[in-house]
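My request is simple: use the sequences and hints to build the entire structure.
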Amino acid sequence: MKKFLLILGVSALMFGGSAVRANDIAEKVLLYLPNRVIDAFDTFSVNIGVGPVLRAELMATRACVVGGGIGLSCMLYKDYNRQYGVGIDNGWYYQLICLGEAEQQRTAGSSLIMDYQNFFAGMPLPDERNYQLPDGPRDYWQIGGALGGLVVGEVYLHPLEIADFITGFFFFDLTGDDIVLDDLR
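In this note's numbering, the protein residues as written are 1 to 185.
No lab work stands behind these hints: they were computed from the structure.
Hints may contain errors.
Label-pair distances were calculated between CB atoms; the ranges are [what the hints assert, rightly or not]:
1. P159 - A56: 18 to 24 angstroms
2. F172 - G85: 35 to 41 angstroms
3. L54 - A26: 52 to 58 angstroms
4. Y32 - E103: 27 to 33 angstroms
5. V180 - K78: 22 to 28 angstroms
6. L112 - V180: 17 to 23 angstroms
7. L112 - T167: 34 to 40 angstroms
The list that follows gives simulated cross-link-like pairs (lysine to aspartate or glutamate, DMTMM-like), each with its CA atoms no further than 20 angstroms apart [to be verified]:
8. K78 - D135
9. K28 - D177
10. K78 - E57
11. K78 - D115
12. K78 - E101
13. K28 - D183
14. K78 - D177
15. K78 - D127
16. K28 - D173
17. K28 - D182
In this text, a Cβ means the ideal position worked out from N, Cα and C, and glycines have one as well.
What follows is the structure in structure tokens.
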């Protein structure tokens, strides 16, 4: 009798775990294409704005920036971490390679934009709250630039999101941002 109960218990654990595993696999297959499209859009940012602003910048991560800016701009965002909408960027910054200063803030004008404040002297570090994965409003590792006077444009690539896009083809979600069925409820 003990052997029978032991076999029954082990079987229940095996089949219960298999049902959960089968549901996870079915969910990944069902949402495969939507997640690949979303991951492709996550690989870049394109933002444009207008206002009394002057800005020029080239960036190879936040640690290696040449440029600066000052002013206020009303922005239309397609930004890092699935931020889509409008907001206001205000402040100033300058940086020459790894040394600089900044007093910046973003005020959200729509619900999908995250507010943040950015203050540093020296070099920004990846462990700061604004750069925290997966919820931070800014990407420390982004590459790109910004240019403008009265009208400003920004274009950035996000290397971690590019890696997430590539690994997603092999059912591995590197950044943990793929949508699941619970997100759709």
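Hints, one by one, checked against the model:
1. Between P159 and A56 the CB atoms are about 23 angstroms apart, so this pair conforms to the stated range of 18 to 24 angstroms.
2. Our hint of 35 to 41 angstroms for F172 and G85 is violated, since their Cβ atoms are close to 30 angstroms apart.
3. For L54 and A26, the hinted distance range of 52 to 58 angstroms is satisfied, since their beta carbons lie about 53 angstroms from each other.
4. Taken as a hint, the range 27 to 33 angstroms is violated for the pair Y32 and E103, whose Cβ atoms sit roughly 44 angstroms apart.
5. Under the hint 22 to 28 angstroms, the C-beta atoms of V180 and K78, about 23 angstroms apart, fit the expected range.
6. Checked against the given bound of 17 to 23 angstroms, the beta carbons of L112 and V180, roughly 19 angstroms apart, stay inside it.
7. About 25 angstroms separates the C-beta atoms of L112 and T167, a value inconsistent with the hinted range of 34 to 40 angstroms.
8. For the suggested pair K78 and D135, the alpha carbons sit about 16 angstroms apart, so the restraint of at most 20 angstroms is met.
9. For a cut-off of 20 angstroms, the pair hint linking K28 to D177 stands: about 13 angstroms separates their Cα positions.
10. Taken as a hint, the K78 and E57 pair is honoured in the structure, with Cα atoms around 18 angstroms apart against an allowance of 20 angstroms.
11. At most 20 angstroms may separate the alpha-carbon atoms for a hinted pair to count; K78 and D115 meet this at roughly 15 angstroms.
12. Between K78 and E101, the direct Cα distance comes to roughly 26 angstroms. Violation of the 20 angstroms bound is thereby established for this hinted pair.
13. Using a Cα cut-off of 20 angstroms, the hinted pair K28 and D183 holds, with the two alpha carbons roughly 13 angstroms apart.
14. At most 20 angstroms may separate the alpha-carbon atoms for a hinted pair to count; K78 and D177 meet this at roughly 17 angstroms.
15. A hinted pair counts as satisfied when its Cα atoms are at most 20 angstroms apart, and K78 with D127 does not qualify at roughly 24 angstroms.
16. As the CA atoms of K28 and D173 are separated by approximately 10 angstroms, the hinted pair is consistent with the 20 angstroms bound.
17. Straight-line distance between C-alpha atoms of K28 and D182 comes to about 12 angstroms, which keeps the hinted pair within the 20 angstroms bound.
Checked against the numbered hints listed earlier, the structure breaks hints 2, 4, 7, 12, 15; every other hint is satisfied.
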